[in-house]
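Chains as they are written, first to last, in the numbering used here: chain S, 8 to 554; chain Z, 8 to 554.
For the record, the hints were derived by calculation from the structure and aren't laboratory data.
One should not assume that every hint holds.
Any copy will do: because identical chains look the same in the list, a pair fits if it lies in one copy or spans two.
[Stated by the list, open to error] Lysine to aspartate or glutamate pairs mimicking EDC-like chemistry, simulated, CA-CA at most 20 angstroms apart: (1) Lys417 / Asp14; (2) Lys425 / Asp14; (3) Lys529 / Glu459; (4) Lys514 / Glu387; (5) Lys417 / Asp380.
There are 2 protein chains.
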Amino acid sequence: MHSTMQDVPLLISRILAHGSTIHGRSTVTTWTGEPEPHRRTFAEIGERAAQLAHALRELGVDEGQPAGTLMWNNAEHVEAYLAIPSMGAVLHTLNLRLPPEQLAYIVNHAADRIILVNGSLLPLLVPLLPHLPRVEHVIVAGPGDRSALDGVAPAVHDYEELIAGRPTRYDWPELDERAPAAMCYTSGTTGDPKGVVYSHRSIYLHSMQVNMTESMGLTDRDTSLVVVPQFHVNAWGLPHSTFMAGVHMLMPDRFLQPAPLAEMIERERPTHAAAVPTIWQGLLAEVTANPRDLTSLDRVTIGGSACPPSLMEAYDKLGVRLCHAWGMTETSPLGTMANPPAGLTAEEEWPYRLTQGRFPAGVEARLTGPGGDIMPWDGESAGELEVRGPWIAAAYYGGPDAEPLRPEDKFSPDGWLKTGDVGTISPDGFLTLTDRAKDVIKSGGEWISSVELENALMAHPDVAEAAVVAVPDEKWGERPLATVVLKEGATTDYAELRAFLGESIAKWQLPERWTIVPTVPKTSVGKFDKKVIRRQYAEGALDITEL
Amino acid sequence: MHSTMQDVPLLISRILAHGSTIHGRSTVTTWTGEPEPHRRTFAEIGERAAQLAHALRELGVDEGQPAGTLMWNNAEHVEAYLAIPSMGAVLHTLNLRLPPEQLAYIVNHAADRIILVNGSLLPLLVPLLPHLPRVEHVIVAGPGDRSALDGVAPAVHDYEELIAGRPTRYDWPELDERAPAAMCYTSGTTGDPKGVVYSHRSIYLHSMQVNMTESMGLTDRDTSLVVVPQFHVNAWGLPHSTFMAGVHMLMPDRFLQPAPLAEMIERERPTHAAAVPTIWQGLLAEVTANPRDLTSLDRVTIGGSACPPSLMEAYDKLGVRLCHAWGMTETSPLGTMANPPAGLTAEEEWPYRLTQGRFPAGVEARLTGPGGDIMPWDGESAGELEVRGPWIAAAYYGGPDAEPLRPEDKFSPDGWLKTGDVGTISPDGFLTLTDRAKDVIKSGGEWISSVELENALMAHPDVAEAAVVAVPDEKWGERPLATVVLKEGATTDYAELRAFLGESIAKWQLPERWTIVPTVPKTSVGKFDKKVIRRQYAEGALDITEL
Numbered sequence: 008m009h010s011t012m013q014d015v016p017l018l019i020s021r022i023l024a025h026g027s028t029i030h031g032r033s034t035v036t037t038w039t040g041e042p043e044p045h046r047r048t049f050a051e052i053g054e055r056a057a058q059l060a061h062a063l064r065e066l067g068v069d070e071g072q073p074a075g076t077l078m079w080n081n082a083e084h085v086e087a088y089l090a091i092p093s094m095g096a097v098l099h100t101l102n103l104r105l106p107p108e109q110l111a112y113i114v115n116h117a118a119d120r121i122i123l124v125n126g127s128l129l130p131l132l133v134p135l136l137p138h139l140p141r142v143e144h145v146i147v148a149g150p151g152d153r154s155a156l157d158g159v160a161p162a163v164h165d166y167e168e169l170i171a172g173r174p175t176r177y178d179w180p181e182l183d184e185r186a187p188a189a190m191c192y193t194s195g196t197t198g199d200p201k202g203v204v205y206s207h208r209s210i211y212l213h214s215m216q217v218n219m220t221e222s223m224g225l226t227d228r229d230t231s232l233v234v235v236p237q238f239h240v241n242a243w244g245l246p247h248s249t250f251m252a253g254v255h256m257l258m259p260d261r262f263l264q265p266a267p268l269a270e271m272i273e274r275e276r277p278t279h280a281a282a283v284p285t286i287w288q289g290l291l292a293e294v295t296a297n298p299r300d301l302t303s304l305d306r307v308t309i310g311g312s313a314c315p316p317s318l319m320e321a322y323d324k325l326g327v328r329l330c331h332a333w334g335m336t337e338t339s340p341l342g343t344m345a346n347p348p349a350g351l352t353a354e355e356e357w358p359y360r361l362t363q364g365r366f367p368a369g370v371e372a373r374l375t376g377p378g379g380d381i382m383p384w385d386g387e388s389a390g391e392l393e394v395r396g397p398w399i400a401a402a403y404y405g406g407p408d409a410e411p412l413r414p415e416d417k418f419s420p421d422g423w424l425k426t427g428d429v430g431t432i433s434p435d436g437f438l439t440l441t442d443r444a445k446d447v448i449k450s451g452g453e454w455i456s457s458v459e460l461e462n463a464l465m466a467h468p469d470v471a472e473a474a475v476v477a478v479p480d481e482k483w484g485e486r487p488l489a490t491v492v493l494k495e496g497a498t499t500d501y502a503e504l505r506a507f508l509g510e511s512i513a514k515w516q517l518p519e520r521w522t523i524v525p526t527v528p529k530t531s532v533g534k535f536d537k538k539v540i541r542r543q544y545a546e547g548a549l550d551i552t553e554l
Numbered sequence: 008m009h010s011t012m013q014d015v016p017l018l019i020s021r022i023l024a025h026g027s028t029i030h031g032r033s034t035v036t037t038w039t040g041e042p043e044p045h046r047r048t049f050a051e052i053g054e055r056a057a058q059l060a061h062a063l064r065e066l067g068v069d070e071g072q073p074a075g076t077l078m079w080n081n082a083e084h085v086e087a088y089l090a091i092p093s094m095g096a097v098l099h100t101l102n103l104r105l106p107p108e109q110l111a112y113i114v115n116h117a118a119d120r121i122i123l124v125n126g127s128l129l130p131l132l133v134p135l136l137p138h139l140p141r142v143e144h145v146i147v148a149g150p151g152d153r154s155a156l157d158g159v160a161p162a163v164h165d166y167e168e169l170i171a172g173r174p175t176r177y178d179w180p181e182l183d184e185r186a187p188a189a190m191c192y193t194s195g196t197t198g199d200p201k202g203v204v205y206s207h208r209s210i211y212l213h214s215m216q217v218n219m220t221e222s223m224g225l226t227d228r229d230t231s232l233v234v235v236p237q238f239h240v241n242a243w244g245l246p247h248s249t250f251m252a253g254v255h256m257l258m259p260d261r262f263l264q265p266a267p268l269a270e271m272i273e274r275e276r277p278t279h280a281a282a283v284p285t286i287w288q289g290l291l292a293e294v295t296a297n298p299r300d301l302t303s304l305d306r307v308t309i310g311g312s313a314c315p316p317s318l319m320e321a322y323d324k325l326g327v328r329l330c331h332a333w334g335m336t337e338t339s340p341l342g343t344m345a346n347p348p349a350g351l352t353a354e355e356e357w358p359y360r361l362t363q364g365r366f367p368a369g370v371e372a373r374l375t376g377p378g379g380d381i382m383p384w385d386g387e388s389a390g391e392l393e394v395r396g397p398w399i400a401a402a403y404y405g406g407p408d409a410e411p412l413r414p415e416d417k418f419s420p421d422g423w424l425k426t427g428d429v430g431t432i433s434p435d436g437f438l439t440l441t442d443r444a445k446d447v448i449k450s451g452g453e454w455i456s457s458v459e460l461e462n463a464l465m466a467h468p469d470v471a472e473a474a475v476v477a478v479p480d481e482k483w484g485e486r487p488l489a490t491v492v493l494k495e496g497a498t499t500d501y502a503e504l505r506a507f508l509g510e511s512i513a514k515w516q517l518p519e520r521w522t523i524v525p526t527v528p529k530t531s532v533g534k535f536d537k538k539v540i541r542r543q544y545a546e547g548a549l550d551i552t553e554l
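If we strip away everything but chain S, and leave its shape as in the complex, we get:
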């Protein structure tokens, strides 16, 4: 027997067509720093996306070719998000926070021939251009001094002039739903950045899932303040999902400082927002100093790193509910969201809200334990999180003429993504991450979380900082080494610290090796650099006490 259903591909042009007609009245509001923000309806976005596609086609952008964007969150970036994949080309969002040499590497690796750039970002792009030999066209959108582009090699176009007068409809091609639609490079801390190429299918399904009630579940009654950048994992999929469901977008452009964010929330009254914890920390400090009305926000999606419970509590008091989400570039990024099960009191909900959240229907998850076994979902057994699903990466982009890359430490032999995160899953599917796989201590077939030991140590009143790393051990394979920075005037010793740890940590997990150091080595983004500590230990550069 065969199905008798139509075989219609899941395409971004369908999101564009649907949003710009059925939800044509919904708006994208872009902050301008002027007295009035800029507003454009989804119907207008649809017409301008068609105009942009006609313009790009004329500049020689063909199906399967990447087009780069170096842009803030704004209406023109949304137009590029919809037009470029719909015409069959590949939207390549460029992370403007990366070091210039990484940016140049990424543009060259993807072989971008066209870059759309915000005028305000020309000071970043212009010095790079001599290192981007394949870039033929630069299209400048929004305010900013264009004079720096005088005499550069590529052809320069003004976005508005380029699209003006072109047809407001485009006969979008009927693509294969597995065709490439967008790409994003991970800013990995080791080695070159690696590209993930999303398909129309993956983005379409991800958008549906984001719009499902068990995920974000926003409607055309909502306005979403999209703080998470469009150059960062598709702004967590929001430009696509909001356009699909008619959710109004509030776009901060380059005004990402706490004061303008507070002002835009008070004035535009978004019901939802999405941003990393740092943004919410800054905003909290801002509104504590200069009170603003944030009460329009009833749901906030927070991800990128774990949200401190104290921050959640502070916002709870403001009537703003922060909801943890977990994901990564390789997961499009919706991996989990911490919506507690129904029917619980606020007190019962609290432990659920502290987890990374539960998996949506489209994501399968498993934990691979120390010995390679699949661990049970019992809330206690730890393993490396591996995920599978139609919007999860199977490989990295190898380049225009190369095979995809499938590094063994990132993809299991049966095709699951190895997330590099270690944690537990409760019987009802709530994920709690406890460590990074590369930092966990593999001791005698069991895993010890370095993060748990660090947090317990740092709770001691005399400890300023503590990093715990795995070091080789003849009997157990690996054992934890505790590296401690003491506060000024501290009088504690190793034995007391170890006893203190023993109050909250199982005895077999307690470190035998200890060292007091003046400071913990850190990476460029301020994380503990455990590689350095392990090397110092291996070289005998640390003064170790064994207990």
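Following the hints, complete the assembly by docking chain Z onto the known chain S.
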């Protein structure tokens, strides 16, 4: 460039796995007529579905084979809904309202070898069995006298005995997402019933769309009273979509009369319900006579036929909001839902609520006008509605050894489904159906709605019933013939009726041909039988007055 995403199929086994773990606490409550209804968690449903699959496998059900269900809405039917497709077989729901000869035709055409039946429906099945030579196994679930099965040809099994003690996990096969999952026959008024074969992909995507906020958007805080039968277009997709999102199901089993429905709403307090207008008419009469608390219901999906505005108003007064949906067996069935755009007053919402609703992201729509042209979405230009999308049929099932059927009047040459409905679409995508394509009057390149003329005529105080049909006309191709049944003692005449019509209908649409008849011929389900009227006219059997 190629996408680097995983190629994971969209399968019903994923809905089963997700619902029975992440939403394992949600429940299916089946009405029993006893003091207590029966409750089962999604986790238990998951285990029992695995047991059922093991049992069916042992009885010889293989991948691609149909298994019939002749069942009410209840927990066991949900188990069959999930187990049969997940194991790779095809769920074939049998419409117990069909005449016995049609039921026999359908079972034989699909080549069902196994039938799951509720004990209470044995009086329907047993007389059919001698006409079902391919049926080898009958599995009886729920209460009902089994003695009628003594001596029948197929092997008889008790559902509970059959699944008891079997493993509660099943290694669901990794199927092609386009593999057949379920089938449902249309109960067409002409010719043999025709089968639509849904795929895993179509059902999975349909479930996602139903769970999106622009569609039903239910959550694990909701309980859905699923009155629409599971044998009728997959109960509008609710068993799949609710299981996916953790929505509690309240299943009426055979207790579909107004009194038990009112009791189950008052006692179980569902927040949502889905049923045809007749059910809501009956329930309204019931609660008017015997008041019950229906206030738990905040949303009701109403479809199958248009809901009279007076019924919506009556329920509005009870605090229960009826929301129109339109669809058909060939559309899985979600075609439209009348959720008004955001930000309107109740008065502004009203005209939107009277439409069939707007199309969801996954459904493309076009209107094909009288001359075959695509008509604009202007709220005025009428055409036959054609739809396209991943859960819309492309053909009918031809039978085990036959090609799929693609009748010209049902499928356009470019593959769109011709719905047979005529209507208009507003610029923001709200559909208003005005007639059936076969009944519309094609007059001089324009269309005249027979239904509009009938409604206008029946508004006259002297008119009991009126049917308007197309009759051949030399000059215009077709013109309307008005067939009128007068009330007793009526004194009106044709000229007065025509003048009355002229108050609300454009002059060029007014019928020239009139006849007064004692009664309008009707079909077996009580609809006007316009074929008979047209034949009577052609045979000269009607007494025609021309004005």
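Results of checking the hints against the structure:
no., hint, in the structure
1, Lys417 / Asp14, "between (33 angstroms within a copy, 17 angstroms between copies)"
2, Lys425 / Asp14, "between (32 angstroms within a copy, 16 angstroms between copies)"
3, Lys529 / Glu459, "within (19 angstroms within a copy, 76 angstroms between copies)"
4, Lys514 / Glu387, "within (17 angstroms within a copy, 78 angstroms between copies)"
5, Lys417 / Asp380, "within (17 angstroms within a copy, 53 angstroms between copies)"
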